[in-house]
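Engineer: Here's the letter readout for the chains.
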Amino acid sequence: MDVSLIAIEGELKVLEDEEISFYLKGNDTSGLNRTLRFQMKTIPRHGDLIDVNGRILGINKLTSDECSFPYDKGSLIKFVGKKDFFNEPYSLERGFIESNFTFAAVAPSDGYKSSYPARQEIKVININDPPVLTLPYTEKTIHAFSSLSWDPDDCREGFATSKCKSRMITDEIKVNDVDGNIDFVRVNISSSHGMLSLNSEYLNKTDFASCSNRTQIDLEEEAMWHCKGGGNSDREVSSNLFYSRRYLFKILISTKALYSIDGIYSTAS
Amino acid sequence: MVFIALPLDLNYILLNLTYESLEVGDDTIFIAIYDGEGGECLSSTEHTQRYRSNMHMGTPTIHRHCTSVVRSLSVKVEKYEVPELWASRKLPLQLKIACTFAVTVFVLFTVILPFMRWRNARKELSTIQVRGKKRRMKSTTKRTSARAAQRSVRKRRKKRKTLESILSRSESSSGGFVSDDDDYSDEDSYSSEYDESDESFDSLSSLEGQEIEIPVVVITNNFDELQDCSYDAKNRIV
Numbered sequence: 006m007d008v009s010l011i012a013i014e015g016e017l018k019v020l021e022d023e024e025i026s027f028y029l030k031g032n033d034t035s036g037l038n039r040t041l042r043f044q045m046k047t048i049p050r051h052g053d054l055i056d057v058n059g060r061i062l063g064i065n066k067l068t069s070d071e072c073s074f075p076y077d078k079g080s081l082i083k084f085v086g087k088k089d090f091f092n093e094p095y096s097l098e099r100g101f102i103e104s105n106f107t108f109a110a111v112a113p114s115d116g117y118k119s120s121y122p123a124r125q126e127i128k129v130i131n132i133n134d135p136p137v138l139t140l141p142y143t144e145k146t147i148h149a150f151s152s153l154s155w156d157p158d159d160c161r162e163g164f165a166t167s168k169c170k171s172r173m174i175t176d177e178i179k180v181n182d183v184d185g186n187i188d189f190v191r192v193n194i195s196s197s198h199g200m201l202s203l204n205s206e207y208l209n210k211t212d213f214a215s216c217s218n219r220t221q222i223d224l225e226e227e228a229m230w231h232c233k234g235g236g237n238s239d240r241e242v243s244s245n246l247f248y249s250r251r252y253l254f255k256i257l258i259s260t261k262a263l264y265s266i267d268g269i270y271s272t273a274s
Numbered sequence: 483m484v485f486i487a488l489p490l491d492l493n494y495i496l497l498n499l500t501y502e503s504l505e506v507g508d509d510t511i512f513i514a515i516y517d518g519e520g521g522e523c524l525s526s527t528e529h530t531q532r533y534r535s536n537m538h539m540g541t542p543t544i545h546r547h548c549t550s551v552v553r554s555l556s557v558k559v560e561k562y563e564v565p566e567l568w569a570s571r572k573l574p575l576q577l578k579i580a581c582t583f584a585v586t587v588f589v590l591f592t593v594i595l596p597f598m599r600w601r602n603a604r605k606e607l608s609t610i611q612v613r614g615k616k617r618r619m620k621s622t623t624k625r626t627s628a629r630a631a632q633r634s635v636r637k638r639r640k641k642r643k644t645l646e647s648i649l650s651r652s653e654s655s656s657g658g659f660v661s662d663d664d665d666y667s668d669e670d671s672y673s674s675e676y677d678e679s680d681e682s683f684d685s686l687s688s689l690e691g692q693e694i695e696i697p698v699v700v701i702t703n704n705f706d707e708l709q710d711c712s713y714d715a716k717n718r719i720v
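Taken in order, these protein sequences are the chains called A and B.
Mapping of the first sequence onto my numbering: residues 6 to 274, in sequence order.
Mapping of the second sequence onto my numbering: residues 483 to 720, in sequence order.
It is worth saying that the hints were derived from the structure and are not from the lab.
Because the structure is a prediction, the values reported are computed rather than measured.
Check the hints yourself; a few may be wrong.
Reference listing, derived: stretches of chain B covered by chain A, where coverage requires no fewer than 3 residues with Cβ under 8 Å from a Cβ of chain A [unchecked claim]:
# : stretch
1 : 511-523
2 : 544-553
3 : 622-634
4 : 642-648
Yeah, the Cβ is synthetic: ideal placement off N, Cα and C, and Gly gets one too.
Hey, can you work out the whole structure from these sequences and the hints?
Structural biologist: Quick look at the structure:
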């Protein structure tokens with residue numbers, strides 16, 4: 006260990022799913038002005054360090070790029086984070102996810118003498134990703150619900166099963182968001198003439214109230230939507246313009262938004 | 483319905499999402515999730531408010547646009563075949579109970595209650611008839627007793643007439659006069675008088691033509707005539 010060699014710790018911020026090139030820096034305080042290279046002591050868990058030659062830097066690997074006197078430039082490497090990885094923002098629920106690595110300055114010309122390791126912090130900032138909604142089927146047949154539509158399989162309130170003919174239970178709807186529960190989303194569920202009910206056990210996880218009149222919340226923007234219903238036997242006529250594909254196309258053009266319609270993603274220019 | 487939720491919570495919220503329809507026909511359920519900022523998504527203000535309230539730290543999420551995911555589910559709503567339902571014999575207990583109750587109520591109100599009312603009415607009618615009979619019987623008895631009374635009155639009149647004739651004979655024979663008190667005009671007083679002396683009158687009639695002492699009160703100021711009369715009356719009744 007050569008105390009005259011110094012590896013300088015640093016911190017960098019990078020956006021999710023983006024790579025960043027940066028310099029590892031060090032110094033030789035002995036006055037010998039030795040050329041330095043950097044050796045990886047630990048590597049980041051959620052990404053790769055790649056040197057200028059395109060080689061992934063593992064533990065104890067040296068950077069290809071040399072850092073010469075007066076050491077102002079450093080040794081260039083690249084960080085490529087894992088897909089959809091981010092560690093900022095963090096929440097109590099999600100916890101703090103570290104993404105750092107340690108390195109030491111090495112003088113190859115002087116018997117690979119090494120400095121004390123320094124820590125390089127990497128903060129990967131979340132970029133909002135669209136959620137993925139999966140429906141197990143696209144078509145289902147049920148029997149009309151009426152006072153006489155009692156199901157032979159004892160289909161009644163609070164006892165709804167997938168066997169209920171009078172009610173359609175849409176099981177296995179999966180929602181995945183790589184961003185996790187960081188940001189809130191707006192959900193719109195509607196049908197033409199049916200009644201829709203959410204899982205009553207988890208209605209406390211929904212917010213129908215605070216967004217029922219959004220003009221009071223946000224005066225800067227024109228409110229395009231408001232929360233409706235209460236999650237139980239709600240009826241909403243879907244024949245409004247919003248659900249027509251033509252209207253969706255209009256939104257695509259006007260908001261330059263990324264939309265996913267029936268599983269096909271398209272980007273508006 | 484439109485609401486705000488956290489994306490991963492939707493796995494629980496949409497678990498067993500229930501659809502019911504009263505209308506027969508084709509329907510489509512749309513599930514749309516809007517994630518991002520502005521327009522159809524939450525505004526930046528709303529994101530910031532919720533970001534702070536959820537104790538998030540560090541650099542907030544960068545929302546570049548408003549993204550949406552729309553999924554549709556076609557539903558074919560068919561009419562329930564009622565006969566098939568009844569024929570299935572698998573009706574739930576509640577419906578069975580409800581049907582039984584309805585039938586019971588129907589039968590109760592249409593058959594049993596009217597029958598009971600009819601029976602009660604009939605009973606009352608028969609009671610009224612019995613009362614009427616009794617009344618009639620009572621009135622017959624009354625009539626009989628009245629007839630008997632009339633008969634007795636007639637009898638008494640006859641006896642009275644007999645007595646009067648006796649008295650008039652005795653009067654004519656004595657030449658005196660009989661007190662007006664003996665001249666009964668009122669039938670009631672008659673009857674009361676006769677009631678007391680009914681037997682005595684019978685015995686009087688049997689004594690007709692016999693010589694017997696009968697005390698006769700004669701009010702007069704002619705003492706000579708009185709002596710003759712008393713004598714005559716003492717010895718004979720005509």
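Engineer: Run the structure past the numbered hints and jot down the numbers of the failing ones, going up.
Structural biologist: Per hint list: 3 and 4 violated.
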